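Enquirer: Respectively, the protein sequence lines represent chains S and U. Sequential numbering of the first sequence, starting at 75, is according to our numbering. Sequential numbering of the second sequence, starting at 75, is according to our numbering.
Keep in mind that a hint or two might mislead.
In this list, chains with the same sequence are indistinguishable; a pair is considered to hold if it fits within one copy or across any two.
Simulated pairs of lysine to any residue, SDA-like, Cα-Cα distance not exceeding 25 Å [stated by the list, open to error]:
(1) K270 - D282
(2) K81 - G140
(3) K270 - N137
(4) K270 - L294
(5) K81 - V226
(6) K81 - P287
(7) K209 - W112
(8) K270 - T222
(9) K81 - V116
(10) K81 - N137
(11) K209 - P185
Honestly, the hints are just simulated from the structure, not real lab data. This structure is a prediction, so every number in the text was calculated from the model and none was measured.
Number of protein chains: 2
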Amino acid sequence: MSKHQDKSAPLRMGVVLFPGFQALDVFGPVDCINVLSWSHSVTLALISSTLEPVTTKSPASANAIGQSVVPTHTFATAPSLDLLLVPGGLGTRGSNLAIEEAISYIRNVYPQLCYLITVCTGSGLAARAGVLDGKRATTNKMAWAEITGLAVNVDWVPRARWVVDGNVWSSSGVSAGIDVTLAWIEEVYGSEVARKISNSIEYTRHEDPIHDPFAELHGL
Amino acid sequence: MSKHQDKSAPLRMGVVLFPGFQALDVFGPVDCINVLSWSHSVTLALISSTLEPVTTKSPASANAIGQSVVPTHTFATAPSLDLLLVPGGLGTRGSNLAIEEAISYIRNVYPQLCYLITVCTGSGLAARAGVLDGKRATTNKMAWAEITGLAVNVDWVPRARWVVDGNVWSSSGVSAGIDVTLAWIEEVYGSEVARKISNSIEYTRHEDPIHDPFAELHGL
Chain S
75 MSKHQDKSAP LRMGVVLFPG FQALDVFGPV DCINVLSWSH SVTLALISST LEPVTTKSPA
135 SANAIGQSVV PTHTFATAPS LDLLLVPGGL GTRGSNLAIE EAISYIRNVY PQLCYLITVC
195 TGSGLAARAG VLDGKRATTN KMAWAEITGL AVNVDWVPRA RWVVDGNVWS SSGVSAGIDV
255 TLAWIEEVYG SEVARKISNS IEYTRHEDPI HDPFAELHGL
Chain U
75 MSKHQDKSAP LRMGVVLFPG FQALDVFGPV DCINVLSWSH SVTLALISST LEPVTTKSPA
135 SANAIGQSVV PTHTFATAPS LDLLLVPGGL GTRGSNLAIE EAISYIRNVY PQLCYLITVC
195 TGSGLAARAG VLDGKRATTN KMAWAEITGL AVNVDWVPRA RWVVDGNVWS SSGVSAGIDV
255 TLAWIEEVYG SEVARKISNS IEYTRHEDPI HDPFAELHGL
């Protein structure tokens, strides 16, 4: 497991984007990193199939609203990264060119990463890329059966706000992405930095990774 | 106070965007509305000075990272709205063309709105637009002195996760935007709809508007 050891060196972060990503899966974690970047050196690559804006609207949700975010790199031009964030969302479901390209990218880049964070059903993309094989991981609790059914070689943990195994930090659904990111910041930058960020965004953290009210809600 | 009475009619929502908006101020509330739009009719306008992508990076934060979101309308072409969301962020501070245009838009559109939601220092923009005069409102607790100093005719409430006065719903900092939005959804669409959305995003709500750990943290 490689680590981002030198905290004075820029943290090189990347985020995978695809049509139908869940907005808060990205912007919960990324806004924590935005605040981190006010005091620490960070570079951010928003990575997708093309440089066209990427919508949060799933191709399968005809009547839903969406917002479009501008990528900075394609999967072919993405820079070297320390940390990759993989969000979930309705767009992770099924197979299409954007999702297959995202899965290939995750498979190819994982060996060079210091850390991988998955949020919500983003763990399904990491699982389909094979990078969770033999690892403990968690995912969205409402989509539990669907996502865990994608990969029998993953040791899925049903009651967890987030799970750390080696350099893979996987979280439960949507808002849990904020908690896993703050826990990751605490691990890498220290508890004081994490505390300042959570106070800055007035967020009451889930600090216990095995406290999971949503597992209980879904009888897991 | 006008209301969005007919829940089968589309909710026409708008969001003000300007350089240096806080990402989570927008995408916490908006992702709640994204999930609402899976089951209820919603239209969304992302409104800014021009149709160029709008960055979360503040002009004042040279080294910070940012993400760019594509507006759907300008202040001049924005459609009629039921609900306007005004986010905060470092970009609200001071005076520049984008912020002055946002303030003018808020002042001009407010009389036609059913509801106004402000998040974080977005209440400072609403205050500068004059639409909070004589009303109770709250804001970000870390930026308390700065924002409340902008408008002496507002009855600023120091200990509040959010405040409702008439058709104005103002929240405390950043993450509090999720709570005020879920409270607003509960008021307009009912508690069951709000509960389904918060469970869907695995968010543990602050349900008591006067419980405010961040006011305590800042000695307010």
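Enquirer: Now look at each hint and say whether the structure bears it out.
Expert: Hint check:
For a Cα distance limit of 25 Å, the shortest separation of K270 from D282 qualifies both inside one copy, at 18 Å, and across copies, at 24 Å. When the C-alpha separation of K81 and G140 is checked against a cutoff of 25 Å, the pair qualifies only between copies, where the shortest distance is 20 Å, while the shortest distance within a copy is 36 Å. For the identical chains of this complex, K270 and N137 are inter-copy neighbours only, at 18 Å across copies versus 39 Å inside a copy, given an alpha-carbon limit of 25 Å. Within a single copy, K270 and L294 get their C-alpha atoms only as close as 33 Å, which misses the 25 Å cut-off; across copies the closest is 18 Å, which meets it.
In this homomeric assembly, K81 and V226 never come within 25 Å of each other (Cα to Cα): the closest approach is 37 Å inside a single copy and 43 Å across copies. With identical chains, the CA atoms of K81 and P287 are never at most 25 Å apart, being 34 Å at best within one copy and 30 Å at best between copies. Taking CA atoms no more than 25 Å apart as the test, K209 paired with W112 passes in neither setting, with 34 Å inside one copy and 33 Å between copies. Taking the shortest alpha-carbon separations for K270 and T222, only the inter-copy value of 22 Å comes in at or below 25 Å, while the best intra-copy value is 35 Å.
Taking the shortest Cα distances, K81 and V116 sit within 25 Å of each other inside one copy (10 Å), while across copies they are farther apart (44 Å). Proximity of K81 to N137 under the C-alpha cut-off of 25 Å is restricted to the inter-copy arrangement: shortest distance 16 Å between copies versus 45 Å within a copy. Within a single copy, K209 and P185 get their C-alpha atoms as close as 15 Å, which meets the 25 Å cut-off; across copies the closest is 56 Å, which misses it.
When the structure is compared with the earlier hints, violations turn up for hints 5, 6, 7 and for no others.
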